[in-house]
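Visitor: Let chain A serve as the given structure and place chain B on it in line with the hints.
Number of protein chains: 2
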Amino acid sequence: MNSLVDLQALIRQPSISANNQGLAECANILIKIMRKAGIHSSLLYLDKKVPPLIYGEVKSKKKPTGATIMFYNHYDVQPVEPVSRWNQNPFSGNIKDGKIFGRGASDDKGELITRIKAVEYILKEKGDLPCNIKFFIEGEEEIGSPHIKTYLQELKHNLGCDVIIWEFGYVDSKFRPIINLGMKGMLYVEVTAFGPLIELHSSLAALVKNPAWNIIKVLNSIWDDHYAKILVKDWYNEVRSLTKEEVSFMASQPLFDEVEFKEKYKIKQFLRGVRGNEVKHVLTDMPTCNISGIVAGYNQEGAKTVIPSFARVKIDFRLVPNMNPKLQFVRLKQHLLTKGFQDIQVKYIHGVAASRTPFFHPIVKVIKDAAERVFGGRSIINLSSAGSGPMSIMTEAVRAPCVATGCTSLFANIHSFNEFAKIDLLSKGTKYMIEIIEAVSKYSIPRF
Amino acid sequence: MNSLVDLQALIRQPSISANNQGLAECANILIKIMRKAGIHSSLLYLDKKVPPLIYGEVKSKKKPTGATIMFYNHYDVQPVEPVSRWNQNPFSGNIKDGKIFGRGASDDKGELITRIKAVEYILKEKGDLPCNIKFFIEGEEEIGSPHIKTYLQELKHNLGCDVIIWEFGYVDSKFRPIINLGMKGMLYVEVTAFGPLIELHSSLAALVKNPAWNIIKVLNSIWDDHYAKILVKDWYNEVRSLTKEEVSFMASQPLFDEVEFKEKYKIKQFLRGVRGNEVKHVLTDMPTCNISGIVAGYNQEGAKTVIPSFARVKIDFRLVPNMNPKLQFVRLKQHLLTKGFQDIQVKYIHGVAASRTPFFHPIVKVIKDAAERVFGGRSIINLSSAGSGPMSIMTEAVRAPCVATGCTSLFANIHSFNEFAKIDLLSKGTKYMIEIIEAVSKYSIPRF
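Heads up: the sequence lines are chains A and B, in that order. My numbering puts the first sequence at residues 36 to 483. My numbering puts the second sequence at residues 36 to 483.
So that you can see chain A by itself, here it is in the shape it has in the complex (with noise of 0.2 Å):
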């Protein structure tokens, strides 16, 4: 089915939502290969800035009233940067030691293409599939989804389903599946800092403010010293905690390789010395405050004495559930506003509220054992992962469980250079959403 090909054509396509990059073009190839794969696909454009999203389905001959699965992806990247430090051109899909390269050979679309060969290859063998498929397929997820809610809205006619297959899972190096049943939120601010017109001789500096010194106080007012605690006034006030059941459900799962992650990163030990079960703790649960990056002033080599004219830090807050980003992002300028910084500006990038799937949906069970049985051995199951995404978005206007399963590998550098997709967990995964198809026609359907 050229599975790899229609992979390699994808990566090879730049699809930067950052800088809005490539969208259309993308999205254009992508419809395509869903066309030639047997899937309804449409092209919804909003207007022309907005890159569109795509609509797939195909619904079953022999059971159109039966369970239905919707596929959420999306076809959009992260940045590059630092090109330098890719091995090869980051959009090359060169294959090489059983591995596909480039920016997004995982995330997403290598997760993607296993999704849509797996009801290809069903079409193909019985020309029909056992249960009904959506695609539901953004372009802008990587800049924290700002058109998904017009996009459901423009779509809530054909938004029924019974589980939502979310864009992503990880695989273990002992190939075990990782299936999330949420994700944390997330608020992205920008906070910038403005100093003189124009650079300065730093021989000013007893003079003139430096907008790098505002923006580190600024900082040093928002994260404590033990990286722990959120220091603006009732950031941790909706905060819902995790009940007797869910600590003790996730005291069931398997540990955190903690040695090979931190062997492969080369990382001594965990934030605040963190260990065992407690990091899946912190992993499920923990508001974080992280800087992604931070800019004022001279950076090349050498020396340079400069008072810069501003400096910029962007943040991303991880949230839990209850939290509400926008409220967060209120308290966090009221913080600073408190706190009597001056010559700053915050500016909300974007943000998303938590999303938890209940561990005793049972739609849950159907899912982890397909899992078991494609993967051969035992799968984990965390109640929330780590990362963000428009999940609860999608739940809410859904009204469905949704399980975020995939075939990633761990180490597989999305978000970081020289990303890769492993060729014999495409395989795997696409495997195991044949399954997971295959799986859910049998479901009995008990709507929450």
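One or more hints might be untrue.
DSSO-like cross-link-like pairs, simulated, lysine-lysine; straight-line CA separation at most 30 Å [what the hints assert, rightly or not]: (1) A:K303 - A:K134; (2) A:K159 - A:K97; (3) B:K252 - A:K264; (4) A:K252 - B:K264; (5) B:K191 - B:K477; (6) A:K299 - A:K264; (7) B:K374 - A:K264; (8) A:K361 - B:K252; (9) A:K315 - A:K268; (10) B:K382 - A:K303; (11) A:K368 - B:K303; (12) B:K466 - B:K67; (13) A:K303 - B:K252; (14) B:K84 - B:K71; (15) A:K382 - B:K299; (16) A:K96 - A:K403; (17) A:K264 - B:K268; (18) B:K368 - A:K301; (19) B:K264 - A:K268; (20) A:K268 - A:K374; (21) A:K315 - A:K134; (22) A:K301 - B:K374; (23) A:K374 - B:K297; (24) A:K98 - A:K463; (25) B:K374 - A:K252; (26) B:K315 - B:K301; (27) B:K191 - B:K400; (28) A:K374 - B:K374; (29) B:K368 - B:K264.
Label pairs and their in silico Cβ distance ranges [to be verified]: (30) B:K264 - A:V274: 33 to 41 Å; (31) B:D82 - A:S119: 25 to 33 Å; (32) B:P181 - A:K83: 51 to 59 Å; (33) A:K361 - B:K303: 25 to 33 Å; (34) B:F210 - A:P181: 49 to 57 Å; (35) A:V118 - B:E313: 42 to 50 Å; (36) A:K83 - B:K303: 36 to 44 Å; (37) B:A59 - A:K268: 57 to 65 Å.
If you're looking for bench data, these hints aren't it; they were derived computationally from the structure. This structure is a prediction, so every number in the text was calculated from the model and none was measured. Ideal placement from N, C-alpha and C gives every residue a C-beta, glycine not left out.
Guide: For chain B alone, coordinates are given in the frame of chain A:
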């Protein structure tokens, strides 16, 4: 004499010491200009990797044992980033509205050309100089003059002089020359914090230390919240405070023009609310801690969510008399050790001690009077510039007083984009240097 054509030729040859660009080429253009002016000049090479030094000399035929002036200048320039902010090519040398534009137009190629042309003018007019002149022109001033000591050692038998005229001096918007009798010292360091081996997805921020956060906490521990005090233990131990006589001399000089400066650079108020005489005081004598550059992670458009693999900051500490840059560096390293910061590297980029020529040295009045004759009004004498340079290295090697004066407009954007020199000031500067040569030739020399 084609002063502007020669200056254009110098500007159009990039000579950036920070990245070792075009230095020998610039030295070769310069030495031709000097020889054409009648200055006996030679290029000294330490080795091929070090930018050459230019030593020039003109003996007075009439008074070969009379007074000697040494001009200290440099032919290297600061980097030009951010290039996009320049209104024209940073090396254009274009003339517009009475200004000549380009990196180095003022600092220091413009100043240097006035000195060469002053000598050329007198030689052309009179066939002789009234006193002896030496030129010591290096190519590494903007990176902390790492080889100046070696060059001084090489030239130790040629260094005798009665006064060093330092590379530059400002002229304020009331056409008052600002004469500096010293410079602050400097310790320039680069601190790098290391994180995971490669950039990681920021969903792991609950577990993995972010090097940008590490740098924030490092910086926060160094400079207090009021930007008044460096928090490193024993930082101020050796500081020699101003004497009563220096304080009252300082008070006798005109105030810094705060209103004009603030308006020009859109600054609401100075740090810590300083004003009036305090402004001169901090510029002259306050040790500072400035962030010249900071960078980590993703800084392009839009949102990317990563834990950077490293974060780096460039800090310039200005030092005052009796502080030793190497000792301060040891203290800084000890501070970071004591505070328990881990996974950081502290690099000594360059350092130099402060320098002061006593305000009561008789040569000061000789220069000041010359300035007031040429500029036709009152001059301003500062005990020290707020800037730094290898003045203390020169004065120690040469054992002569040093006066920094010249014709750079206070708003000439040196070290910033759109650097320029005002052509009327270049012309006035040349006359001023002629006047200095005449005045020093009449000066009876007290050797200190």
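Visitor: Which hints from the list above does the structure break, by number from lowest to highest?
Guide: Going through the list in order, the structure violates no hint and respects every one.
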